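*Asks:* Protein sequences appear in the order of chains R and C.
Just so you know, the first sequence maps onto residues 22 to 198 in this note's numbering.
Just so you know, the second sequence maps onto residues 22 to 198 in this note's numbering.
By construction, these hints were calculated from the structure, which means they are not laboratory data.
Computed from a predicted model, the values in this text were never measured in an experiment.
One should not assume that every hint holds.
Claimed, not checked - Here are the simulated lysine-lysine pairs, BS3-like style, with alpha carbons at most 27 Å apart:
#	chain 1	residue 1	chain 2	residue 2
1	R	K169	R	K152
2	R	K169	C	K169
3	R	K152	C	K134
4	C	K134	C	K113
5	C	K152	C	K113
6	C	K187	C	K169
7	C	K187	C	K149
8	C	K152	C	K169
9	C	K125	R	K125
10	C	K152	R	K134
11	C	K169	C	K134
12	R	K169	R	K113
Now for the letters of each chain:
Number of protein chains: 2
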Amino acid sequence: MLLENNNGDRSSTCHHPIGNSSGSDDGSPERYTPAMESAGEGLLVPPLNFSMVDYGVFRSGFPDIANFPFLQTLGLRSIMSEPPLVNIPEEKIRESLRVVLDEKNRPLLIHCKRGKHRTGSLVGCLRKLQKWCLTSIFDEYQRYAAEKARVSDLRFMELFDISGFKQPPTFSSHSKN
Amino acid sequence: MLLENNNGDRSSTCHHPIGNSSGSDDGSPERYTPAMESAGEGLLVPPLNFSMVDYGVFRSGFPDIANFPFLQTLGLRSIMSEPPLVNIPEEKIRESLRVVLDEKNRPLLIHCKRGKHRTGSLVGCLRKLQKWCLTSIFDEYQRYAAEKARVSDLRFMELFDISGFKQPPTFSSHSKN
Numbered sequence: 022m023l024l025e026n027n028n029g030d031r032s033s034t035c036h037h038p039i040g041n042s043s044g045s046d047d048g049s050p051e052r053y054t055p056a057m058e059s060a061g062e063g064l065l066v067p068p069l070n071f072s073m074v075d076y077g078v079f080r081s082g083f084p085d086i087a088n089f090p091f092l093q094t095l096g097l098r099s100i101m102s103e104p105p106l107v108n109i110p111e112e113k114i115r116e117s118l119r120v121v122l123d124e125k126n127r128p129l130l131i132h133c134k135r136g137k138h139r140t141g142s143l144v145g146c147l148r149k150l151q152k153w154c155l156t157s158i159f160d161e162y163q164r165y166a167a168e169k170a171r172v173s174d175l176r177f178m179e180l181f182d183i184s185g186f187k188q189p190p191t192f193s194s195h196s197k198n
Numbered sequence: 022m023l024l025e026n027n028n029g030d031r032s033s034t035c036h037h038p039i040g041n042s043s044g045s046d047d048g049s050p051e052r053y054t055p056a057m058e059s060a061g062e063g064l065l066v067p068p069l070n071f072s073m074v075d076y077g078v079f080r081s082g083f084p085d086i087a088n089f090p091f092l093q094t095l096g097l098r099s100i101m102s103e104p105p106l107v108n109i110p111e112e113k114i115r116e117s118l119r120v121v122l123d124e125k126n127r128p129l130l131i132h133c134k135r136g137k138h139r140t141g142s143l144v145g146c147l148r149k150l151q152k153w154c155l156t157s158i159f160d161e162y163q164r165y166a167a168e169k170a171r172v173s174d175l176r177f178m179e180l181f182d183i184s185g186f187k188q189p190p191t192f193s194s195h196s197k198n
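Chain R with its partners taken away, still in its complex shape (with noise of 0.2 Å):
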């Protein structure tokens, strides 16, 4: 997991800026300027496979520059860089949910390469601690990965042991209504 934090409460993890080497310490989005819009008529343009998981958490394929404008409308505060590993140590994605359930690290993109497998699998561990029925958790999964659908994901989403956590509050509980 990468993570990269705007509140500079830094943490153990590693921290890099938005696809871009040379933005600025901070990590701060506000480096991106209109310039960047790529699409025309001031259309944004969300990274693949986007959308939102629960109150203040996103989920994406990596982010080009293109996305950069949209990203801005997120308000973001972290962005967590799944690693490209076919098997993710358990381990990871434990430190990766913790970082989630931590609402004060919202608004947060989680992204891999394609939002597919990594990110759908953190996700799907997500959907357990709340409760989801499995059948759910995978036709989530699907809807994302489609014909790429890994059965080593969905076992890794069965057998994931939610044990060690606390139940995350409910989506109302987030609500400001």
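Start from chain R and add chain C according to the hints.
*Replies:* Chain C alone, transformed into the frame defined by chain R:
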């Protein structure tokens, strides 16, 4: 469009309790009891094609009784049922969008039968208001409609005229942080 709203300020649209014609008058989800949880071990069952669209806006297919404990976790104020018409009149979509954009109706669930065509078209029109490029709007639509995607829906979204609407707040302005 049918709209159930727990605010008490019912508008001129129709209202209905969720799949339960003997429900309480105010449409409160509190009438559902734990005995309705059909999944084992207290697991929650989101409706078919459930997802979060924006802060306090959710989408799905038609909820059944097994979904009620999950829906309770959303703290919904409103439920919008799109009518089963293949060709939805544009004015109905405009009226629905105005309901979605009114924050006092949130948290709100938009649903139709499968959460694919009518719901997908309405969400697509919302994305137009949010200035998403058409490619990303179609990609999101197809993630839910899959092999049932309809060219008529894509054309509807492309041609939908957003000029009468104010641009809605961005994701970040909804964020609590």
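*Asks:* Determine for every hint whether it applies to the structure shown.
*Replies:* Now the hints, each set against the structure:
1. R/K169 x R/K152: This hinted pair holds, its Cα atoms lying about 25 Å apart.
2. R/K169 x C/K169: Given pair R/K169, C/K169 holds - Cα atoms ~19 Å apart, limit 27 Å.
3. R/K152 x C/K134: Given that 27 Å is the threshold and the Cα spacing comes to 24 Å, the pair holds.
4. C/K134 x C/K113: The given pair, whose Cα atoms are some 17 Å apart, holds under the 27 Å limit.
5. C/K152 x C/K113: With a Cα-Cα distance of about 21 Å, the restraint between C/K152 and C/K113 holds, given a limit of 27 Å.
6. C/K187 x C/K169: violated, 32 Å
7. C/K187 x C/K149: holds, 12 Å
8. C/K152 x C/K169: Distance of about 25 Å is within 27 Å: holds.
9. C/K125 x R/K125: holds, 26 Å
10. C/K152 x R/K134: holds, 24 Å
11. C/K169 x C/K134: holds, 13 Å
12. R/K169 x R/K113: Measuring from Cα to Cα gives roughly 22 Å; hence the hint holds.
Of the numbered hints listed earlier, the single one contradicted by the structure is hint 6.
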